[in-house]
Amino acid sequence: MKTNPVKIALSYLLLVLIALAVMYPCAWIVMSSFKAGDSLYSETFIPQQLTLDHYRELFDEDNKYQIYYPTWYWNTLKIAFTSMVLGTIIQLLTAYSISRFRFAGRKQAMTTILVLGMFPGFMSLIAIYILLQQLNLLGSWWALVLVYSAGAALGMFVAKGFFDTIPRSLEEAARIDGAGHFTIFWRIMLPLSRPIITYISLTTFTGAWVDFIFARMVLRNDRETWTLAVGLFELVQGLQSTKFTLFAAGAILVAIPITILFMFLQRFLVDGLTAGASKG
Amino acid sequence: MKHSKTAAILSVLSMGVGQLYNRQWAKGLLFLAFHVSMLVYFFTTGLGQIHGLITLGDQAQVEVQRKIRGITITDVVNKDHSIFMMIFGLIAVFILLIYLFIYVMNVRDAAKVGALRDKGKNVAGFGATLNSIRERSFPYAMLSIPTVGVLFFTVLPIVFMILIAFTNYSQKTLPPKNLVDWVGFGTFVDLLTLKAWARTFFGVLGWTIIWAISATLSCYIGGILVALLIQQKGIRFKGLWRTIFIIPYAIPQFISLLIFRNLLNDKFGPLNQAIRQYFGFLGLDGLPWLSDPFWAKVSVIGVNMWLGIPVTMVLTMGILTAIPKDLYEAADVDGASGFQKFRNITMPYVLFATAPILIMQFAGNINNFNVIFLLTNGNPQNSEYTMAGSTDLLVTWLYKLTLDNQQYAMASAVGIMIFLIVASFSIYNFKRSRSYREEDMIQ
Numbered sequence: 001m002k003t004n005p006v007k008i009a010l011s012y013l014l015l016v017l018i019a020l021a022v023m024y025p026c027a028w029i030v031m032s033s034f035k036a037g038d039s040l041y042s043e044t045f046i047p048q049q050l051t052l053d054h055y056r057e058l059f060d061e062d063n064k065y066q067i068y069y070p071t072w073y074w075n076t077l078k079i080a081f082t083s084m085v086l087g088t089i090i091q092l093l094t095a096y097s098i099s100r101f102r103f104a105g106r107k108q109a110m111t112t113i114l115v116l117g118m119f120p121g122f123m124s125l126i127a128i129y130i131l132l133q134q135l136n137l138l139g140s141w142w143a144l145v146l147v148y149s150a151g152a153a154l155g156m157f158v159a160k161g162f163f164d165t166i167p168r169s170l171e172e173a174a175r176i177d178g179a180g181h182f183t184i185f186w187r188i189m190l191p192l193s194r195p196i197i198t199y200i201s202l203t204t205f206t207g208a209w210v211d212f213i214f215a216r217m218v219l220r221n222d223r224e225t226w227t228l229a230v231g232l233f234e235l236v237q238g239l240q241s242t243k244f245t246l247f248a249a250g251a252i253l254v255a256i257p258i259t260i261l262f263m264f265l266q267r268f269l270v271d272g273l274t275a276g277a278s279k280g
Numbered sequence: 001m002k003h004s005k006t007a008a009i010l011s012v013l014s015m016g017v018g019q020l021y022n023r024q025w026a027k028g029l030l031f032l033a034f035h036v037s038m039l040v041y042f043f044t045t046g047l048g049q050i051h052g053l054i055t056l057g058d059q060a061q062v063e064v065q066r067k068i069r070g071i072t073i074t075d076v077v078n079k080d081h082s083i084f085m086m087i088f089g090l091i092a093v094f095i096l097l098i099y100l101f102i103y104v105m106n107v108r109d110a111a112k113v114g115a116l117r118d119k120g121k122n123v124a125g126f127g128a129t130l131n132s133i134r135e136r137s138f139p140y141a142m143l144s145i146p147t148v149g150v151l152f153f154t155v156l157p158i159v160f161m162i163l164i165a166f167t168n169y170s171q172k173t174l175p176p177k178n179l180v181d182w183v184g185f186g187t188f189v190d191l192l193t194l195k196a197w198a199r200t201f202f203g204v205l206g207w208t209i210i211w212a213i214s215a216t217l218s219c220y221i222g223g224i225l226v227a228l229l230i231q232q233k234g235i236r237f238k239g240l241w242r243t244i245f246i247i248p249y250a251i252p253q254f255i256s257l258l259i260f261r262n263l264l265n266d267k268f269g270p271l272n273q274a275i276r277q278y279f280g281f282l283g284l285d286g287l288p289w290l291s292d293p294f295w296a297k298v299s300v301i302g303v304n305m306w307l308g309i310p311v312t313m314v315l316t317m318g319i320l321t322a323i324p325k326d327l328y329e330a331a332d333v334d335g336a337s338g339f340q341k342f343r344n345i346t347m348p349y350v351l352f353a354t355a356p357i358l359i360m361q362f363a364g365n366i367n368n369f370n371v372i373f374l375l376t377n378g379n380p381q382n383s384e385y386t387m388a389g390s391t392d393l394l395v396t397w398l399y400k401l402t403l404d405n406q407q408y409a410m411a412s413a414v415g416i417m418i419f420l421i422v423a424s425f426s427i428y429n430f431k432r433s434r435s436y437r438e439e440d441m442i443q
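For the protein sequence lines, the chains are A and B, in the order given.
Read in order, the letters of the first sequence are residues 1 to 280 in our numbering.
Read in order, the letters of the second sequence are residues 1 to 443 in our numbering.
It is worth saying that the hints were derived from the structure and are not from the lab.
A few of these clues could be false.
Heads up, simulated DSBU-like pairs for lysine-lysine below, C-alpha to C-alpha not over 30 Å straight-line [to be verified]:
| hint | chain 1 | residue 1 | chain 2 | residue 2 |
| --- | --- | --- | --- | --- |
| 1 | B | Lys238 | B | Lys325 |
| 2 | A | Lys243 | B | Lys297 |
| 3 | A | Lys243 | A | Lys78 |
| 4 | B | Lys112 | B | Lys2 |
| 5 | B | Lys325 | A | Lys7 |
| 6 | B | Lys112 | A | Lys107 |
| 7 | A | Lys7 | B | Lys238 |
| 8 | B | Lys233 | A | Lys7 |
| 9 | B | Lys341 | A | Lys7 |
| 10 | A | Lys243 | B | Lys400 |
| 11 | B | Lys267 | A | Lys243 |
| 12 | B | Lys172 | B | Lys400 |
Some chain B residues near chain A, calculated using beta-carbon distances under 7 Å [to be verified]:
| hint | residue |
| --- | --- |
| 13 | Ile87 |
| 14 | Pro139 |
| 15 | Ile158 |
| 16 | Ile247 |
| 17 | Ala250 |
| 18 | Ile251 |
Computed from the model, here is a short list of chain A residues facing chain B with C-beta under 10 Å [unchecked claim]:
| hint | residue |
| --- | --- |
| 19 | Ala21 |
| 20 | Ile89 |
| 21 | Thr112 |
| 22 | Gly117 |
Here the structure is a predicted model, which means the values were calculated and not measured.
Heads up, the beta-carbon is just placed ideally off N, CA and C, and yes, glycines get one too.
So that you can see chain A by itself, here it is in the shape it has in the complex (with noise of 0.2 Å):
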């Protein structure tokens, strides 16, 4: 079958010019973070004069403007992977029940994970202020890891449509074999999951990291112990256009490991992407 080449050149013009425009604000934002002084406007985008001290005072033990970006960035990492490993444990217990299970109050519980889902996040703000408060865990990194991991289960549709999907041959037939159920989701199931294990995790990484209604809510005002997502949005707040440049280095470091993740772990998120759609 001919193609008619007028059509493609016009296709691939439009192809460039999207790209384009999905590159142009990662291009600008890396450019920033390279150029001298600390103002927005800049004469050309590639800047006249590199610099890396936007990324050294971001390290600077006693910066002017209380930016402690090492003790921001090692609270982030802490609470992502804590939420990780626990939300993910979490996630498949109850993705994996619900899906290999049939159990009196079962659709019931779908139907209320569903619901639960459909109120805004923070509707319950308040709530969660005052219990936290009352648990004595206000301003403490383990408060975030609690709140994000105890709601872990509400996200587990993607995880049970793969479930949905292992033939339960493989389970009858270990059970003839004299499997129990424990046998047989940690012998069988999980090193069935790893591709929905990934996805998991990646999200419920992500997710923390990249959090900061909660994060500020439950941060507030002792600087060392926020995270990165509170820090920079303050960062913006407080100094817009004053301090732009270092707002720029420091978006760049808080972006590069997770794009990075994203990008090797494609596969993966396309998959559950499409199984989440088409699942349900």
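Following the hints, position chain B against chain A.
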């Protein structure tokens, strides 16, 4: 009398007694111990807390003056704190419900074991019971930890906030200085009829719906078009294009949004800089991307396209590769043109497969907090609105009402409205979805 009836009646009188009657000593004692501890809890604290949930306290903080050597000292004495009373009352109600649930289970268990005895069968020992729990109740055991988490950090807060909507909890009634009271549907009536609130509510609601429709459709159509563009015959480096276009999805959203906020800066942003440079001769001095109500709306929808198109693109590309090739071959044999094939095979296929996502994305966009909050923060200000700006969605308005203005009752009422809107779409969608209806047929 039959054993089953006796055992059931006994365990109604007190948990565990029926089991003891059935000679299931360990189980009976466990139930009994639980029963006693629950009774102690309720009579010492629980019932009081539930009472507190009903009254929300009857004495606010008072100031007591006393004189020490002629100097008057004012002591602040804390009395009832309505909000704490509400939360603790709720927790007590939760515990009561769990208690009642276990009570019913206990009666059923006693009756069942009694029935076994009536048939002259042996009664299972404690070890056997544990074993059967491990086998039969495996899903319950697995779900117990997630359930507790969800119960206390999702259900309880949501129930709490729903209750708040029926009180007058706001800046004016902040405890412990004041008491909060139940006002029934008063807050909802205010929201819908008081001019200041109603104008804001319907204004923001209108924009929320316009936003949700345009944000969803623009990303949906855009994503499908980009996917079709890449998957065309004759386009090379498909993987490369896909990888480039997926970048916005990989960058943490709050970073992209904060970047765009600067990119669109009226005075110094590079976009306006470019407009001034290249179109300056037309007298254009840049556009008020984030400070004019109309342009701010254009900006949020545009930036949302940048963020959202990759998702639809990826999904559509997956669907396109799944369309059976023989359909196209058959069409070729019949002499169909490229456009006819697109209209009659590709499009119906893609639309059918992506329709559920469309509704989910619509519901998601109604609650799309990040884009608005990080890009415009609801601004520019709108003098007609109460505590909201021109680009505020219901969710961001809810956030402002709660955290900036302490209008808790009103915020909760708005939250319930959002829930009703989102729920009606999602439940409709979910009931139609394959995974709900034909779940067991996938196997």
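Do the hints match the structure? See the list:
At roughly 19 Å between alpha-carbon atoms, B/Lys238 and B/Lys325 fall within 30 Å of each other, so this suggested pair holds. At roughly 27 Å between alpha-carbon atoms, A/Lys243 and B/Lys297 fall within 30 Å of each other, so this suggested pair holds. The suggested pairing of A/Lys243 with A/Lys78 holds, with an alpha-carbon distance near 28 Å, which does not exceed 30 Å. Of the pairs offered as hints, the one joining B/Lys112 and B/Lys2 holds, with about 12 Å between alpha carbons and a cut-off of 30 Å not exceeded.
At roughly 23 Å between alpha-carbon atoms, B/Lys325 and A/Lys7 fall within 30 Å of each other, so this suggested pair holds. At most 30 Å may separate the alpha-carbon atoms for a hinted pair to count; B/Lys112 and A/Lys107 meet this at roughly 25 Å. Distance hint between A/Lys7 and B/Lys238 is fulfilled; the C-alpha atoms sit about 16 Å from each other, no more than 30 Å. Using a Cα cut-off of 30 Å, the hinted pair B/Lys233 and A/Lys7 holds, with the two alpha carbons roughly 11 Å apart.
Straight-line distance between C-alpha atoms of B/Lys341 and A/Lys7 comes to about 17 Å, which keeps the hinted pair within the 30 Å bound. Our distance criterion of 30 Å between C-alpha atoms is met by A/Lys243 and B/Lys400, whose separation comes to about 26 Å. With a CA separation close to 15 Å, the supplied pair B/Lys267 and A/Lys243 stays within the 30 Å bound. Annotation: proposed proximity of B/Lys172 to B/Lys400 holds, straight-line Cα distance about 17 Å (limit 30 Å).
The closest approach between the C-beta of B/Ile87 and any C-beta of chain A is roughly 6 Å, which is under the 7 Å cut-off, so the hint is satisfied. For B/Pro139, the interface hint holds, since its Cβ comes within 7 Å of a Cβ in chain A; the closest pair sits about 4 Å apart. Among the interface hints, the one on B/Ile158 holds; its C-beta lies about 5 Å from the nearest C-beta in chain A, closer than the 7 Å criterion. Taking 7 Å as the C-beta cut-off, the interface hint given for B/Ile247 holds, the closest approach to chain A being about 6 Å.
For B/Ala250, the interface hint holds, since its Cβ comes within 7 Å of a Cβ in chain A; the closest pair sits about 4 Å apart. Proximity of B/Ile251 to chain A holds as hinted, the smallest CB-CB distance being about 5 Å (cut-off 7 Å). The beta carbon of A/Ala21 is positioned within 10 Å of a beta carbon in chain B (closest approach about 7 Å), and the interface hint is therefore held. Taken as an interface hint, A/Ile89 checks out: its beta carbon lies about 9 Å from the nearest beta carbon of chain B, inside 10 Å.
For A/Thr112, the suggested interface contact is upheld, since its CB lies about 8 Å from the closest CB of chain B, less than 10 Å. The beta carbon of A/Gly117 is positioned within 10 Å of a beta carbon in chain B (closest approach about 8 Å), and the interface hint is therefore held.
In summary, the structure agrees with every hint in the numbered list given earlier.
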